[in-house]
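K.L.:
The primary structure of each chain is shown beneath.
2 protein chains.
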Amino acid sequence: MGIALKETGQKADNKSPIEQLAILVKDELSQVNDLIAERMQSPIGMIPDLAAHLVDAGGKRLRPMITLATSQMLGVSGDKPIKLATAVEFIHSATLLHDDIVDGSELRRGKTAANRLWGNSASILVGDFLFARSFSLMVETGHLGVLDILSKASAVIAEGEVHQLSVIGNVDLPINEYMTIIEAKTAELFAAAASVSAVIATGSEQQQQALDKFGRSLGLAFQLIDDALDYSGHDDLLGKQIGDDFREGKLTLPVFITYNKADTEAKNWWQQVLSAETRNDDDLAKAIDLINQSGAIEDTLSQAHKFALQAQASLEIFSDSPIRNCLMDLCDFLVQRRS
Amino acid sequence: MGIALKETGQKADNKSPIEQLAILVKDELSQVNDLIAERMQSPIGMIPDLAAHLVDAGGKRLRPMITLATSQMLGVSGDKPIKLATAVEFIHSATLLHDDIVDGSELRRGKTAANRLWGNSASILVGDFLFARSFSLMVETGHLGVLDILSKASAVIAEGEVHQLSVIGNVDLPINEYMTIIEAKTAELFAAAASVSAVIATGSEQQQQALDKFGRSLGLAFQLIDDALDYSGHDDLLGKQIGDDFREGKLTLPVFITYNKADTEAKNWWQQVLSAETRNDDDLAKAIDLINQSGAIEDTLSQAHKFALQAQASLEIFSDSPIRNCLMDLCDFLVQRRS
Numbered sequence: 001m002g003i004a005l006k007e008t009g010q011k012a013d014n015k016s017p018i019e020q021l022a023i024l025v026k027d028e029l030s031q032v033n034d035l036i037a038e039r040m041q042s043p044i045g046m047i048p049d050l051a052a053h054l055v056d057a058g059g060k061r062l063r064p065m066i067t068l069a070t071s072q073m074l075g076v077s078g079d080k081p082i083k084l085a086t087a088v089e090f091i092h093s094a095t096l097l098h099d100d101i102v103d104g105s106e107l108r109r110g111k112t113a114a115n116r117l118w119g120n121s122a123s124i125l126v127g128d129f130l131f132a133r134s135f136s137l138m139v140e141t142g143h144l145g146v147l148d149i150l151s152k153a154s155a156v157i158a159e160g161e162v163h164q165l166s167v168i169g170n171v172d173l174p175i176n177e178y179m180t181i182i183e184a185k186t187a188e189l190f191a192a193a194a195s196v197s198a199v200i201a202t203g204s205e206q207q208q209q210a211l212d213k214f215g216r217s218l219g220l221a222f223q224l225i226d227d228a229l230d231y232s233g234h235d236d237l238l239g240k241q242i243g244d245d246f247r248e249g250k251l252t253l254p255v256f257i258t259y260n261k262a263d264t265e266a267k268n269w270w271q272q273v274l275s276a277e278t279r280n281d282d283d284l285a286k287a288i289d290l291i292n293q294s295g296a297i298e299d300t301l302s303q304a305h306k307f308a309l310q311a312q313a314s315l316e317i318f319s320d321s322p323i324r325n326c327l328m329d330l331c332d333f334l335v336q337r338r339s
Numbered sequence: 001m002g003i004a005l006k007e008t009g010q011k012a013d014n015k016s017p018i019e020q021l022a023i024l025v026k027d028e029l030s031q032v033n034d035l036i037a038e039r040m041q042s043p044i045g046m047i048p049d050l051a052a053h054l055v056d057a058g059g060k061r062l063r064p065m066i067t068l069a070t071s072q073m074l075g076v077s078g079d080k081p082i083k084l085a086t087a088v089e090f091i092h093s094a095t096l097l098h099d100d101i102v103d104g105s106e107l108r109r110g111k112t113a114a115n116r117l118w119g120n121s122a123s124i125l126v127g128d129f130l131f132a133r134s135f136s137l138m139v140e141t142g143h144l145g146v147l148d149i150l151s152k153a154s155a156v157i158a159e160g161e162v163h164q165l166s167v168i169g170n171v172d173l174p175i176n177e178y179m180t181i182i183e184a185k186t187a188e189l190f191a192a193a194a195s196v197s198a199v200i201a202t203g204s205e206q207q208q209q210a211l212d213k214f215g216r217s218l219g220l221a222f223q224l225i226d227d228a229l230d231y232s233g234h235d236d237l238l239g240k241q242i243g244d245d246f247r248e249g250k251l252t253l254p255v256f257i258t259y260n261k262a263d264t265e266a267k268n269w270w271q272q273v274l275s276a277e278t279r280n281d282d283d284l285a286k287a288i289d290l291i292n293q294s295g296a297i298e299d300t301l302s303q304a305h306k307f308a309l310q311a312q313a314s315l316e317i318f319s320d321s322p323i324r325n326c327l328m329d330l331c332d333f334l335v336q337r338r339s
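The listed protein sequences correspond, in order, to chains A and B.
My numbering puts the first residue of the first sequence at 1, with every later residue one more than the last.
My numbering puts the first residue of the second sequence at 1, with every later residue one more than the last.
Hints were generated in silico from the structure; no laboratory data involved.
Mixed in with the good hints, there may be bad ones.
[Claimed, not checked] Within a straight-line C-alpha distance of at most 30 Å, the following computed DSS-like cross-link-like pairs (lysine-lysine) qualify:
| no. | chain 1 | residue 1 | chain 2 | residue 2 |
| --- | --- | --- | --- | --- |
| 1 | A | Lys250 | A | Lys306 |
| 2 | A | Lys26 | A | Lys60 |
| 3 | B | Lys250 | B | Lys286 |
| 4 | B | Lys152 | A | Lys152 |
| 5 | B | Lys152 | A | Lys60 |
| 6 | A | Lys152 | B | Lys60 |
Start from the sequences and build out the full structure, keeping to the hints where you can.
P.N.:
In structure tokens:
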């Protein structure tokens, strides 16, 4: 990838930073998993069934881990970080349920998407349920500031999704507008997941801003890696199909970069293929070929590295500690992941 | 309708109680309308466009009026009731946007439903946006208790919707289970709209419970009248088509009452027609005929009256005042409405 990230923390026992992080917040993460299971319960059986299908499929629990880790870094213990981390995961889950309808996705986390099994209506309503439960969890922390951050973040996420919806197929979209979209739809929740810790720690405004910047930069890096992997990863590692973004006509950074560098003939091809109703495997093969020729994957990864460095820099105001260093290592790790 | 409601308040100037109420909270309602317009704004134009299509179509603004009126009754002025009333209307609007997708509705408030114009995806996401904005408005009141009530209510509403979805077409559903569903999907928001006023008034637990009971009973009465009107109202007054519930296979109290009184032949007809993919105008005509013969409309209206009386009784702990008496009159009025 060619760009050196700052050397941080110790690499203990050959464990990846995400595994190290999971060890550092092990007890809390286990409590979060219990609380997730508890708060998705309802006498209406379809709700826990559908929610469990998504939530038990796991995912990386990256967002709640960020809340737990930043809370620990700021010296907060007790049930507040647990409740907040669960609230963050519920917002994320609600968003995924609604997104899978919007995107017409067939797979999520390697399993059939919930809306394909229970129908769109149930997925909409269970998303609403999880979103509501998430706010009840925040209320239990007793901090209005938390609700302020996460309600605003939720509005920004929805705005980002609508923004993306309104430019589907528009390959002439300026790259900075694309970055605005992913900052809203992905990075905003990472920023909120980190900065709420400063609220329950009654930390300084400077700490809250630093955590916001950390989460935001990490979220952008994370999304750009996702964008790159959709054209360069492996189906079995990804838990979804390669080229999903392309098939859905969802344009991402590798496509914008390739398009901007393309000659007229290639530009015409992109416009045609992206404005069509559907795209087949041959279209995808050609798209991957053009993307590889243009060096757009490397450019995308390089952008991701830049944001990872910013995320690391944001943590420098906090005292040196195993958890801080592990978060710094996580920035490296997330841009090097292959799934 | 045969059931006398308690005589309350003065009937001034031949105005209906809802018009009188609108006069008593006129300034506040105007501020709510301004705040609605302000807070549905977004740089993503599709959001205010879609939201305005629904929200400007008006509706009765009944739920925000309940918040404004109960706040006034408890002596609260200033911007808190305005913000809360707007939050309540946003939750209601978000629910309508999602419901119209779930129900496959074609009309809402006499206009083409938003999802028919902008698509389901946009309606899902704008609903999410309004829901998130609603919580930000609550945060601005500075009262966690408000967020507690409305986040729990939002979860209960979603539960009620999923519950309804899971029993679609099941005409053997016990009537008390149907009442549980409408209490969740409709009455819960009325209860919350009223009881949040006790929080910002720092009223007693008894006041909060009385307001909850008032809203809950009024909401049940309101829903049962809706149920009756769907089989006995007039298209041009309703702003939607007669028989929408029936066409969508959505079972309501008049159907359950009729079915429970029916002989085997009629029971078979109901089961058959309600398990079919679609229902035509002849089916509707026969359903209306059977419902009228069974006296189910009168029974439904009588139930609605019972709840209206309970709503009035809940207000008796509050001192006599024009606004309290107007709320009592509103209970009468809502069960006598024809649209």
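K.L.:
Each hint needs a verdict: does it hold in this structure or not?
P.N.:
Hints versus structure:
For the proposed pair Lys250 of chain A and Lys306 of chain A, the alpha carbon gap of about 23 Å is at most 30 Å, so the pair holds. Restraint check for Lys26 of chain A and Lys60 of chain A: the C-alpha separation of about 14 Å stays at or below 30 Å, so the hint holds. The straight-line distance between the Cα atoms of Lys250 of chain B and Lys286 of chain B is roughly 16 Å, inside the 30 Å bound, and the hint therefore holds. Under the criterion of a C-alpha separation no larger than 30 Å, the hint pairing Lys152 of chain B with Lys152 of chain A is consistent with the structure, at around 19 Å.
Note on Lys152 of chain B and Lys60 of chain A: the hinted pairing holds, with a Cα-Cα distance of about 28 Å set against a maximum of 30 Å. Distance restraint check for Lys152 of chain A and Lys60 of chain B: the Cα-Cα separation of roughly 28 Å lies within the 30 Å cut-off, and the hinted pair is therefore satisfied.
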